[in-house]
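Novice: Below, each chain spelled out in residue letters.
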Amino acid sequence: MNYNWNWGIFLEPSPYGDSSYLTMLLQGLSWTLATAGLAALIALALGVVVGTLRTLPGKWHRRFANAYIELFRNIPLLVQFFLWFFVVPELLPQEWGTWLKSLPNAAFLTAVVCLGFFHSIRVAVMLSSGINSLSKGQKMAGYALGFTPAQTYRYVLLPMAFRLALPPFGSECLNIVKNSAVALTIGLMELTASARAMSEFSYQIFEAFTAATIIYLLVNVTILMLMRLLEKRTAVPGYFTSKPQSGKGV
Amino acid sequence: MLANFDFDVIQRSWVYLFTTGMSFTLQLTAFSMVGGIFLGTLLAIMRLSRNRVVSIVAATYVNLIRSVPLVLVIFWFYFLVPYIGAWLIGASRPIQVGAFTSSLITFTMFEAAYFCEIMRAGIQSVPQGQRAAGLALGMTGTQTMTTIILPQAFRNMLPVLLTQSIILFQDVSLVYVLSITDFVGAATKVAQRDGRIVEMYLFVALVYFLMSYGMSALVKRQEKSMTAGN
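Protein chains in written order, with our numbering: chain A, 1 to 250; chain B, 251 to 480.
Source of the hints: derived by calculation from the structure; they are not laboratory data. Every residue, glycine too, gets a C-beta built ideally from N, C-alpha and C. A portion of the hints provided could be inaccurate.
Simulated restraints on C-beta separations [stated by the list, open to error]:
no., chain 1, residue 1, chain 2, residue 2, range
1, A, MET225, B, ILE306, 17 to 23 Å
2, A, GLN138, B, SER475, 30 to 36 Å
3, A, ASN4, B, GLY340, 38 to 44 Å
4, B, ARG302, A, LEU11, 35 to 41 Å
Chain B extracted, bound-state conformation (with noise of 0.2 Å):
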């Protein structure tokens, strides 16, 4: 039965799902990451903040995004985006967003709402006599967060943020929905192309089991290494 399948299909192209398409996943990724964890951190902000109007606006958009699936979110962000670049810039037709810059938006939008999560359990675990001390040394609320507070509550939510980044890392894939060609996407072309699906699909599972894999043990690693330093 196996004698059927031409693995020879990834020998011919995977120096192209790589350079195009892996490469594509992981820029989106760590971008996303990175415009994720910021958003989120400031999400976690608001939800925390004492003035009631701005923690129900951010605790509004948190929950709505986490009861919706990512799928309708990727639609609707990559329909939404044009208009609301229009706006900001006052142009009368909806602009034109590239694919990356569209996933881009749509992924750090999404995941924040998540990271927002974490970042909000990381704040809370920071004791409150540490913001107390910040005050009581005359630093602002301001310098109080970004300089006692959220240094510590990063350290202890790290492995969960990573964690969370695995996730988004695989969940990338779903902007197969819009044709882009992620390694999903890519692996999907050469697929078609040569009528090799098995071998690609299977090919593809295979890499990502491993990626992740590996990142999941690196995390639980750090998060070995980090409980013994304490």
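Bound-form chain A, shown alone (with noise of 0.2 Å):
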């Protein structure tokens, strides 16, 4: 085949000022990893509220949670990522577009907002069924102790539930990680986006997607490791659970 291979080019400047590709590729890095960071953190805070309300009594906060997570599975990333960056600004009234669209760094905003909406909805499946599969009697334990539902939340129900789902969490921040790539096209120069920018520069075009893999692996090994740990520190000694399925895609 005839491909030069230069493994020496990310040494070599890039067109951004006097920076290597090498730098090029880790400011992507960063990028990547800010955007997944906030939009786990929103995911988690989103997820948790709709998780919760799943699993109340009234009829109407389950339909509401079930209505919410059809809204965000059933269409793309892509295209909620559109309606977030071009359709959502149109329908604000005016002046909240203007400003929202005049942000430094809009691009960045919306990703972090869309992926973290995006992602909440599976939050709220995981932690809903963490609830649903504690036994009765620890509600009940709680009511018996005089809790209001919402201290019986609060003290018994989600500290066990948070436990049971933190592995899929886990697993859900990589999806996060790797959903984040879909912001370029929205223009956040991301890991893929800086790495696809540097095969156009430099036509190292294999160099450039390797060396993205690579870090992408390299992340994902980090995140999986930093879980187990967290893991291990949360673990109720002397309780016991069934591992649950995780890695089940929406």
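Two chains, each in its own frame: build the complex with the hints.
Specialist: What follows is the structure, encoded as structure tokens:
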């Protein structure tokens, strides 16, 4: 094959000022990590609320939570990105829309919000199935101690449900990192976008993509190790749970 | 506010959107689903093989593909396929590959990794006795696999395979990064031509929502009737 490999390319200066291509990729990585990290926090916050609503006795709570889940599940992520980026600012009152569009890093903020909402549905599903898998006695014990429903959730159900949902949440974090690559369509210079730009500037296509692939693999391994550590730290001594199935896509 | 919108643009362009865009999306989904399930099943059999080299090769491929973003995989194959094609037919220069072929190869190879994990669970869900019975009847290993184990594995995993295919249908929209005219690509063209981005993307979201929701509902019904039949 006539492909000229040149692994030294990473140290050569990129068209962006005097930094090398390697620096360019690492800058992309930092955007990826910042986007994924903030999105994971939003997903967690929204997911806990929706997941809890889904397990409350009221019919309308459950309906609202399920409608929320169906809404974000049945629209492709790419289209959701376009909705947040192009459509939402137009639907808001004009001053708000102009303010939104003039924000610096609009692509970054949009990506964080979009990924946060998109992944919150999976957190919600994990958490509600975690709560449902706890034995009925836990809830009853809470009530018997004189806790209000809110206190029962806060001190009895949620702490256990969080632990049950932790392993699938770990694999969800990997998914958030992967899905943050879709943000290149709205102009965020994250890792995949940086690799693409590098391939266009330098014509060393396969070196650029190989480097991006290796970086993604390293990020995956790091997150998996951190999650395992967190699971160990938060484990309740003497409480064994059968591991819930993880990784089933939505 | 909504009065400023011109939903007429949808009436003007829906024929183009569906005959050009959606037909590309659906064809790509259908072909990659068939290819992905076929290749995924092969990979699953390889992963469960007692030959360590074979199983490690399959596991490495599956884990590699599952840890990188689909967008990156799309770029990889878009540039790699012309070189592989040239190598296969012995040409000295990278060959030209059409947009459809290139994305078909990409999605087949990508989804195969996900279908592999589903089929692996499916094969493992068939009781060991079934294999032993097949071998005891004098069937070869291949015959046991293809006529006894796989049909049951498919049946057990059908709802999951279909759900994954709905995800594939949504994922196909990412060919947008190669400027291909799928459903989203067609809508983008019209939106840019007529300056009607808001209306077009709302319409695209609505169509995807209705199709995915409808298909999920069908899968759920099929799943229920299957468990009722047992």
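Novice: Each hint needs a verdict: does it hold in this structure or not?
Specialist: Evaluated hints:
Separation of MET225 (chain A) from ILE306 (chain B) is about 22 Å and conforms to the stated range, judged on CB atoms against 17 to 23 Å. Roughly 35 Å separates the CB atoms of GLN138 (chain A) and SER475 (chain B), a value that falls within the hinted 30 to 36 Å. At roughly 20 Å, the beta-carbon separation of ASN4 (chain A) and GLY340 (chain B) lies outside the given 38 to 44 Å, and the hint is violated. One distance hint, 35 to 41 Å for the beta-carbon pair ARG302 (chain B) and LEU11 (chain A), holds here, with the actual separation near 39 Å.
Checked against the numbered hints given earlier, this structure breaks only hint 3.
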